[in-house]
Amino acid sequence: MKRFFRNKNFTCGFILSTLVVGVAAASLIWTPYDGNKMNARDRLQGPSWTHPLGTDQYGRDSLSRVMTGAMNSIIVGLVTVAIGLTIGVALGLASAYYGRFLDEAIMRFSDLLFGFPAVLTAILITSILGPSMVNAMLAIGIFYIPVFARLTRAVAGVVWEKEFIAAARVSGISEWSITWRHVVPNILSPLIIQGTIQFAVAILAEAGLSYLGLGTQPPHASWGRMLNEAQTFMSASPWLAIFPGLAIAWAVLGINLLGDGLRDTLDPRMVRIR
Amino acid sequence: MSASLLAIEDLSVSFHTPEGVARAVDGVSFGLDRGDSVGIVGESGCGKSVTSLSILRLIPSPPGVIESGRIRFEDRNLLELDPEDMRKIRGRDISMIFQEPMTSLNPVLPIGRQVAEPLMIHKGLTTAQALAEAAQWLDRVKIPAVRKRLGDYPHQLSGGMRQRVMIAMAMVCGPTLLIADEPTTALDVTIQAQILSLMVGLKEESGMALLLITHNLGVVAQMASRVVVMYAGQVVEEAAVADLFERPFHPYTHGLLRSMPRLGGRGGGRTERLREIPGIVPAITETLPGCRFAERCPHVFDLCRQNPPGLFAIREGQRARCFLKDYPERRRNDA
Numbered sequence: 001m002k003r004f005f006r007n008k009n010f011t012c013g014f015i016l017s018t019l020v021v022g023v024a025a026a027s028l029i030w031t032p033y034d035g036n037k038m039n040a041r042d043r044l045q046g047p048s049w050t051h052p053l054g055t056d057q058y059g060r061d062s063l064s065r066v067m068t069g070a071m072n073s074i075i076v077g078l079v080t081v082a083i084g085l086t087i088g089v090a091l092g093l094a095s096a097y098y099g100r101f102l103d104e105a106i107m108r109f110s111d112l113l114f115g116f117p118a119v120l121t122a123i124l125i126t127s128i129l130g131p132s133m134v135n136a137m138l139a140i141g142i143f144y145i146p147v148f149a150r151l152t153r154a155v156a157g158v159v160w161e162k163e164f165i166a167a168a169r170v171s172g173i174s175e176w177s178i179t180w181r182h183v184v185p186n187i188l189s190p191l192i193i194q195g196t197i198q199f200a201v202a203i204l205a206e207a208g209l210s211y212l213g214l215g216t217q218p219p220h221a222s223w224g225r226m227l228n229e230a231q232t233f234m235s236a237s238p239w240l241a242i243f244p245g246l247a248i249a250w251a252v253l254g255i256n257l258l259g260d261g262l263r264d265t266l267d268p269r270m271v272r273i274r
Numbered sequence: 001m002s003a004s005l006l007a008i009e010d011l012s013v014s015f016h017t018p019e020g021v022a023r024a025v026d027g028v029s030f031g032l033d034r035g036d037s038v039g040i041v042g043e044s045g046c047g048k049s050v051t052s053l054s055i056l057r058l059i060p061s062p063p064g065v066i067e068s069g070r071i072r073f074e075d076r077n078l079l080e081l082d083p084e085d086m087r088k089i090r091g092r093d094i095s096m097i098f099q100e101p102m103t104s105l106n107p108v109l110p111i112g113r114q115v116a117e118p119l120m121i122h123k124g125l126t127t128a129q130a131l132a133e134a135a136q137w138l139d140r141v142k143i144p145a146v147r148k149r150l151g152d153y154p155h156q157l158s159g160g161m162r163q164r165v166m167i168a169m170a171m172v173c174g175p176t177l178l179i180a181d182e183p184t185t186a187l188d189v190t191i192q193a194q195i196l197s198l199m200v201g202l203k204e205e206s207g208m209a210l211l212l213i214t215h216n217l218g219v220v221a222q223m224a225s226r227v228v229v230m231y232a233g234q235v236v237e238e239a240a241v242a243d244l245f246e247r248p249f250h251p252y253t254h255g256l257l258r259s260m261p262r263l264g265g266r267g268g269g270r271t272e273r274l275r276e277i278p279g280i281v282p283a284i285t286e287t288l289p290g291c292r293f294a295e296r297c298p299h300v301f302d303l304c305r306q307n308p309p310g311l312f313a314i315r316e317g318q319r320a321r322c323f324l325k326d327y328p329e330r331r332r333n334d335a
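First to last, the sequence lines map onto chains B and X. Residue 73 in this note's numbering sits at position 73 of the first sequence, and the numbers go up by one each step. Residue 315 in this note's numbering sits at position 315 of the second sequence, and the numbers go up by one each step.
Hints listed in this document are in silico derivations from the structure and should not be mistaken for laboratory results. Only a predicted model underlies this, so the values are computations on that prediction, with no experimental measurement involved. Cβ coordinates follow ideal geometry from the N, Cα and C atoms, glycine included. Where hints are given, some of them may not hold.
One-sided and incomplete, this derived list gives chain B residues near chain X with beta-carbon spacing under 8 Å [what the hints assert, rightly or not]:
{"id": "1", "residue": "ALA40"}
{"id": "2", "residue": "ARG41"}
{"id": "3", "residue": "LYS162"}
{"id": "4", "residue": "GLU163"}
{"id": "5", "residue": "PHE164"}
{"id": "6", "residue": "ALA166"}
{"id": "7", "residue": "ALA167"}
{"id": "8", "residue": "VAL170"}
{"id": "9", "residue": "SER171"}
{"id": "10", "residue": "GLY172"}
{"id": "11", "residue": "ILE173"}
{"id": "12", "residue": "SER174"}
{"id": "13", "residue": "HIS182"}
{"id": "14", "residue": "ASN186"}
Take the sequences, apply the hints, and build the full model.
Shown next, in the form of structure tokens:
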């Protein structure tokens, strides 16, 4: 653990992300106000002691909404990376192992997904399935499948060629066990690193989709949604846009720094694969 | 004792590459008795490693194809076993040690786990039992402070130590045949001697047979009782160790022995210049009508370029693939 904290990026990223996670966790038990509760009398107030981050056009407390929004973002990050990791890693491993036709099929399918502009496809998916947070996560998660599939195929392909795999075969270990006990542990570091990077990208993507009205639906709080709603009042009540915007920047910066730090410590030679 | 353990009969292995079909192993036959130790000698690319990988059915396919032949182990033809039965033989009955101890161990698994793994697969031991037995084996291959070392990762060990771990890993299930593919080539000379004597000791204790693949004739002289010399995918000579060193028949074997450095040498104390074999090995994608060594052979005559020689019996236990058997007058004494 010590060697991680010797890395400045990791330490900064760790502190920033822990704060985000902490705030998100706190929002589950306590927020200053109910973030969804409207209060027409207190609408559009600036930051004050009673409402540290001000209130929006319905009089909802911004701090409470930024806090629940943090939880929202973390769920999006976790779920999308989980979708991408499980399916992508499985496809990538199959691709690296079987090669030939299956490899071609999986990789061309990846190319196909990569070929479309991500946002357009996400809009397509959410407009077919209907706008909601779950569908937004699905749309982002589907985009992560080829990212992880390609990465897994590349690094697993290298591992399969290693002599210790031959040694494991000679010991009579089944191909399945070799995959799980010898190949997967050897490709974990690049996967973890890519996972943190995609986590940050997912937060941005969800904010983008929600901003367009395709993600989290009102009245639930999401940073992107809050930006969208703040747009109308930009000149009169700029704090409504500033604080959710800051929150997004904070979380994305923190997780990216964390990912960079992890990469430097776990695998200095790894070139980031996009 | 000396019941036949392994018999390779007419084994041919090809690799189908874009440059053509490479016949890496061409009609190789030899046998190995229980508790016996046989060395396969030859230069790089002569097919000795492919032969050993064929025994374990680990030829990468594609592009490798076992074209023909039988590999009889105990009373089964390994080439006809289904993959699951073959897997059960690997590591339990036949094990293998590789050349490069730096890369033959999984860098992210503790060595104790790696040595324990075959036990868990083949003997169904629990992790704790397997680790305990692994510790005993690491002790037998003379790893110091085993208890502390079980959780070490390969990068924490030296090359010699890693090769000891490899040996322990290959031996845990008590195989009847151990294949060692250049087991000491990557090690320092002093460590080589330690590893060789360790292997001799373990072999004597366990009574297993050893198939030693090497290009180092010194190692063969020390370890093996019989030697198979391979050249360009074929067996060119097979003999007991003493016969091979004292009465080599095939010109290639002569050449190998002469290219081996030795102290003193024949010149009565003067160090002799090493004699290399002139020319290069024919590409294995070529098909030659005659003997594959003809172009490099000092005794070559017409017949050698026209017909492929068979393996002729020279004397009891010695065979050589050379027409000089029938035309001894063609041997030139000046070469």
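Hints breached by this structure: Result: hints 1, 2 break, sorted rising.
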